[in-house]
Amino acid sequence: MKTETNTTEYTIDATDKRLGKVATEAASVLIGKNRTDFARHTVAPVTVVITNASKMDISIRRGKEIYQSYSGYPGGRREETLDHLGKRLGYSEVLRRTIKGMLPKNKLQALRMHNLKVSE
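Residue numbers for the sequence shown follow this note's numbering, beginning at 3 and rising by one.
One thing to keep in mind: the hints can contain errors.
As the list claims (entries may be wrong) - Below, in silico cross-link-like pairs of lysine-lysine (BS3-like), each with a Cα-Cα straight-line distance of 27 Å or less:
{"id": "1", "residue 1": "107", "residue 2": "119"}
{"id": "2", "residue 1": "102", "residue 2": "119"}
{"id": "3", "residue 1": "119", "residue 2": "19"}
{"id": "4", "residue 1": "109", "residue 2": "89"}
{"id": "5", "residue 1": "119", "residue 2": "89"}
{"id": "6", "residue 1": "119", "residue 2": "57"}
{"id": "7", "residue 1": "57", "residue 2": "89"}
{"id": "8", "residue 1": "102", "residue 2": "66"}
{"id": "9", "residue 1": "109", "residue 2": "23"}
{"id": "10", "residue 1": "35", "residue 2": "119"}
{"id": "11", "residue 1": "109", "residue 2": "66"}
{"id": "12", "residue 1": "109", "residue 2": "19"}
{"id": "13", "residue 1": "23", "residue 2": "66"}
{"id": "14", "residue 1": "23", "residue 2": "102"}
{"id": "15", "residue 1": "89", "residue 2": "23"}
{"id": "16", "residue 1": "102", "residue 2": "19"}
{"id": "17", "residue 1": "109", "residue 2": "119"}
{"id": "18", "residue 1": "109", "residue 2": "57"}
{"id": "19", "residue 1": "107", "residue 2": "35"}
{"id": "20", "residue 1": "57", "residue 2": "102"}
In case anyone wonders, no lab produced these hints; they're calculated from the structure.
Generate coordinates for the entire structure from the input sequences, incorporating the hints supplied.
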């Protein structure tokens with residue numbers, strides 16, 4: 003027997019807010035910590051919509067933060083600053099990567115990330 007749940011939409015306006023504050027709030031809602039029926043083994047029936055990601059307040063020091071990726075091959079490590087990543091892929095991708103880092107690393111991480119919508 004399937005129980006039907008209503009999906010709740012949670013909107014966050016990122017205008018003049020710090021990157022970490024917006025990401026922490028979104029990650030907490032995606033995990034379901036703000037719900038009374040919280041269960042850590044399920045995906046919360048909630049959709050998080052973040053607007054105005056390009057208008058976030060990112061400090062100069064935070065803009066110099068380095069994002070790294072490694073292909074697995076010798077010499078395959080790539081480094082990129084937050085400012086460069088924001089200009090190349092948009093600040094919505096910066097926010098998406100920050101939120102993904104705050105979610106638990108398990109099978110539910112990808113399902114929770116599908117419930118995140120970020121707009122510039």
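Comparing the hints with the structure gives:
Of the pairs offered as hints, the one joining residue 107 and residue 119 holds, with about 20 Å between alpha carbons and a cut-off of 27 Å not exceeded. For the hint pairing residue 102 with residue 119, the CA-to-CA distance comes to about 13 Å; that is within 27 Å, so the pair holds. The suggested pairing of residue 119 with residue 19 holds, with an alpha-carbon distance near 17 Å, which does not exceed 27 Å. With a CA separation close to 31 Å, the supplied pair residue 109 and residue 89 exceeds the 27 Å bound.
Distance hint between residue 119 and residue 89 is fulfilled; the C-alpha atoms sit about 19 Å from each other, no more than 27 Å. Restraint check for residue 119 and residue 57: satisfied, since their Cα atoms lie roughly 16 Å apart, inside the 27 Å limit. Restraint check for residue 57 and residue 89: the C-alpha separation of about 13 Å stays at or below 27 Å, so the hint holds. With a C-alpha separation of about 20 Å, the suggested pairing of residue 102 with residue 66 holds against the 27 Å cut-off.
Between the alpha carbons of residue 109 and residue 23 the distance comes to roughly 25 Å, so the proposed pair stays at or under 27 Å and holds. For the hint pairing residue 35 with residue 119, the CA-to-CA distance comes to about 19 Å; that is within 27 Å, so the pair holds. For a cut-off of 27 Å, the pair hint linking residue 109 to residue 66 is broken: about 32 Å separates their Cα positions. Straight-line distance between C-alpha atoms of residue 109 and residue 19 comes to about 30 Å, which puts the hinted pair past the 27 Å bound.
At roughly 18 Å between alpha-carbon atoms, residue 23 and residue 66 fall within 27 Å of each other, so this suggested pair holds. Among the hinted pairs, residue 23 with residue 102 is consistent with the structure: their alpha-carbon atoms are about 14 Å apart, no more than 27 Å. Between residue 89 and residue 23 the alpha-carbon distance is near 21 Å, which keeps this suggested pair within the 27 Å criterion. With a C-alpha separation of about 19 Å, the suggested pairing of residue 102 with residue 19 holds against the 27 Å cut-off.
At most 27 Å may separate the alpha-carbon atoms for a hinted pair to count; residue 109 and residue 119 meet this at roughly 20 Å. Between residue 109 and residue 57, the direct Cα distance comes to roughly 32 Å. Violation of the 27 Å bound is thereby established for this hinted pair. For the given pair, residue 107 sits about 16 Å from residue 35 by alpha-carbon distance, which is consistent with the 27 Å threshold. Between residue 57 and residue 102, the direct Cα distance comes to roughly 20 Å. Compliance with the 27 Å bound is thereby established for this hinted pair.
Of the numbered hints listed earlier, those contradicted by the structure are 4, 11, 12 and 18.
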